[in-house]
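So the protein lines, in turn, are chains A and B. Take the first sequence: its letter number 16 is residue 16 in this note's numbering, and every next letter is one higher. Take the second sequence: its letter number 102 is residue 102 in this note's numbering, and every next letter is one higher.
If you are wondering where the hints come from, they were derived from the structure by calculation, not from laboratory data. In this text the structure is predicted, and so the values were computed from the model without any measurement. The beta carbon of each residue, even a glycine, is placed where N, CA and C say it ideally should be. Each hint should be verified, as a subset may be incorrect.
EDC-like, lysine to aspartate or glutamate: derived pairs with alpha carbons at most 20 Å apart [said to hold, decoys possible]:
#	chain 1	residue 1	chain 2	residue 2
1	A	300	B	213
2	B	300	A	213
3	A	200	A	223
Okay, the calculated bits of chain A under chain B, using three or more residues with CB under 8 Å as the criterion [unchecked claim]:
#	segment
4	282 to 295
5	314 to 320
6	324 to 336
Number of protein chains: 2
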Amino acid sequence: MSSSSSKPMRTQVEEYIVSLQEQIVTALERLDPKAPAFKRDSWTRAQGGLGQSCVFQVPSDDSTKHDTVLEKAGVNISIVHGKLPPAAVKQMKADHSSLPYNPDSQESIPFLATGLSLVIHPRNPNAPTCHANYRYFEVTEPLVEGADPNEQPKVLAWWFGGGSDLTPSYLFEEDAVHFHSTLKTACDKHSTIFYPTFKKWCDEYFYIPHRQEARGVGGLFFDDLSDAAHARLPDDAPRPRTADEIFAFVRSLGDAFVPSYIPILERRISMPYTPYQRRWQLVRRGRYVEFNLIYDRGTKFGLMTPGARVESILMTLPETVRWEYQCDMGGEGTEEGRLVEVLQKPREWVQ
Amino acid sequence: MSSSSSKPMRTQVEEYIVSLQEQIVTALERLDPKAPAFKRDSWTRAQGGLGQSCVFQVPSDDSTKHDTVLEKAGVNISIVHGKLPPAAVKQMKADHSSLPYNPDSQESIPFLATGLSLVIHPRNPNAPTCHANYRYFEVTEPLVEGADPNEQPKVLAWWFGGGSDLTPSYLFEEDAVHFHSTLKTACDKHSTIFYPTFKKWCDEYFYIPHRQEARGVGGLFFDDLSDAAHARLPDDAPRPRTADEIFAFVRSLGDAFVPSYIPILERRISMPYTPYQRRWQLVRRGRYVEFNLIYDRGTKFGLMTPGARVESILMTLPETVRWEYQCDMGGEGTEEGRLVEVLQKPREWVQ
Numbered sequence: 001m002s003s004s005s006s007k008p009m010r011t012q013v014e015e016y017i018v019s020l021q022e023q024i025v026t027a028l029e030r031l032d033p034k035a036p037a038f039k040r041d042s043w044t045r046a047q048g049g050l051g052q053s054c055v056f057q058v059p060s061d062d063s064t065k066h067d068t069v070l071e072k073a074g075v076n077i078s079i080v081h082g083k084l085p086p087a088a089v090k091q092m093k094a095d096h097s098s099l100p101y102n103p104d105s106q107e108s109i110p111f112l113a114t115g116l117s118l119v120i121h122p123r124n125p126n127a128p129t130c131h132a133n134y135r136y137f138e139v140t141e142p143l144v145e146g147a148d149p150n151e152q153p154k155v156l157a158w159w160f161g162g163g164s165d166l167t168p169s170y171l172f173e174e175d176a177v178h179f180h181s182t183l184k185t186a187c188d189k190h191s192t193i194f195y196p197t198f199k200k201w202c203d204e205y206f207y208i209p210h211r212q213e214a215r216g217v218g219g220l221f222f223d224d225l226s227d228a229a230h231a232r233l234p235d236d237a238p239r240p241r242t243a244d245e246i247f248a249f250v251r252s253l254g255d256a257f258v259p260s261y262i263p264i265l266e267r268r269i270s271m272p273y274t275p276y277q278r279r280w281q282l283v284r285r286g287r288y289v290e291f292n293l294i295y296d297r298g299t300k301f302g303l304m305t306p307g308a309r310v311e312s313i314l315m316t317l318p319e320t321v322r323w324e325y326q327c328d329m330g331g332e333g334t335e336e337g338r339l340v341e342v343l344q345k346p347r348e349w350v351q
Numbered sequence: 001m002s003s004s005s006s007k008p009m010r011t012q013v014e015e016y017i018v019s020l021q022e023q024i025v026t027a028l029e030r031l032d033p034k035a036p037a038f039k040r041d042s043w044t045r046a047q048g049g050l051g052q053s054c055v056f057q058v059p060s061d062d063s064t065k066h067d068t069v070l071e072k073a074g075v076n077i078s079i080v081h082g083k084l085p086p087a088a089v090k091q092m093k094a095d096h097s098s099l100p101y102n103p104d105s106q107e108s109i110p111f112l113a114t115g116l117s118l119v120i121h122p123r124n125p126n127a128p129t130c131h132a133n134y135r136y137f138e139v140t141e142p143l144v145e146g147a148d149p150n151e152q153p154k155v156l157a158w159w160f161g162g163g164s165d166l167t168p169s170y171l172f173e174e175d176a177v178h179f180h181s182t183l184k185t186a187c188d189k190h191s192t193i194f195y196p197t198f199k200k201w202c203d204e205y206f207y208i209p210h211r212q213e214a215r216g217v218g219g220l221f222f223d224d225l226s227d228a229a230h231a232r233l234p235d236d237a238p239r240p241r242t243a244d245e246i247f248a249f250v251r252s253l254g255d256a257f258v259p260s261y262i263p264i265l266e267r268r269i270s271m272p273y274t275p276y277q278r279r280w281q282l283v284r285r286g287r288y289v290e291f292n293l294i295y296d297r298g299t300k301f302g303l304m305t306p307g308a309r310v311e312s313i314l315m316t317l318p319e320t321v322r323w324e325y326q327c328d329m330g331g332e333g334t335e336e337g338r339l340v341e342v343l344q345k346p347r348e349w350v351q
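Bound conformation, chain A alone:
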């Protein structure tokens, strides 16, 4: 892998996500100076790896007392390395065809996964939930015993993945347009094929089959972005190909997170709302939980991994959630129904 920096890509990504985490948490804290600060919680993983969770919550026995902007939020980074057992490599190869691996070898291979992952659940039902993820993955040659521990192992395969998406309880078209436009601008600087491809991928990924609706109004989702051929991108499309170029694209997306979401929060968090709207928000959060626990590959994969940090994986779940039998909200002609309509039929928000 060529690099214009003297630092290996894994180090560059690590430095970037550390600063991005600080930037995002600071922006969220600035929105609500009277609220308690995010709780910074560093951890290490016995099997190899470390991370920092920045979590906002105001646990209390009486949730009616609160008036913080956020109800629950987590902005986590993790740098995890270890060995992938053959079964996991096989599953990974299905999504990442460039992975050099002989399925008959039964070998475990060393990997590194570096990423930032966030979920923001605001309290006001007019303010949408937002999720984002930016990740870098490397598979390396097994370390030779007695080798210089400071020497970087040879990278056999690498790729970037990520995206961000918006989940409102009430539809404000201008919010969806602002969110998508900001992401499209960040994409277009690197390749005009990215926004339409990754927007569609997002609609497909964040879909709840048993409800026949999308989780939210979408955004971007991508994976397996490297110098190799990509299943969803035409081979001849002009696009970033080197690790440096793709990393620049991912940085553009990461840098776009605050401007894509914070202005939306700013115009929604002071809107008055009724108990009826709050109830609808909690019912919608039930759908969020259904998606994350039943379909999300990251959650499923995470929970099945021995030694996984369950608290970090399930940090994505909202604080308060409701399930009603045959909920009578969301009917045609209502404000709630306007959202449902868009979830059932994803829209193009920018041309």
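Fit chain B to the known structure of chain A by using the hints.
Coordinates of chain B only, in the frame set by chain A:
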């Protein structure tokens, strides 16, 4: 299949679950005469089948106003028939070895599934959640075209399944003992091997691997009970073998539901509780949702079935739920911690 009644077993089971549903719903309504009645909701399934959901909920925009005994409850019966596609038959054969099926045949086979399924979530944190299920399954010969529609198709395989289990937020040992004793008495009338075998099966089934704890204090779980050999029962154990005998056992269990659970509700529903205890209850309900959405085979199988009634399947989910990051409740030496201890190490409640 021999039968001492002139009615086919499918009809006998259907009649029984209809009366059991009424008996259970009436007992719950008697507990709280001022509360609204259960909502009776009959439905039919386009692909074949019908049922009645009896659901209790008091949807409102301000949940602090309620003082009903139950928060959410559903007692559902369903009689569903249709054709199992080859993939589903294959999966079923893994659990039910007596199923006569040639995996190379690629044939769909007609089935009938009759059952009662219930979940009760009381409002008071001292009162435990309870789940129960009693089901009968038949696989029949394909109907010959032009045959008399009143004639019963030949039954190729049949089995009963079911059980019930208790999920408290606070541990009252006498409640667990009462629940298990009542079930054991019902079992012992039919075979002394049933209680220990099905109690253990229940502990294994209702287990949340990523939390390393049981969902609750257990009860009974069994499946695949027929005249054929059973994977968990010694071949020479004295036990009900005929459909009539096994149906009599299942009726004993169904009849034991009200006496196993209602007395527990009676002594807990008027206990005073604090907002702190309510918060712990909502956190525990989060674990209930995690089990049902991630691990429960019935839920998973149901949601994947085309034309499934999603509202009935997800009726099991509690009304209000909380997820906290690194919740500080449940520590050693606390009342909450006493429950956690038992969940981490299932106990024998009766000898």
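Original post:
For this structure, which hints from the list above don't hold up?
Top reply: none
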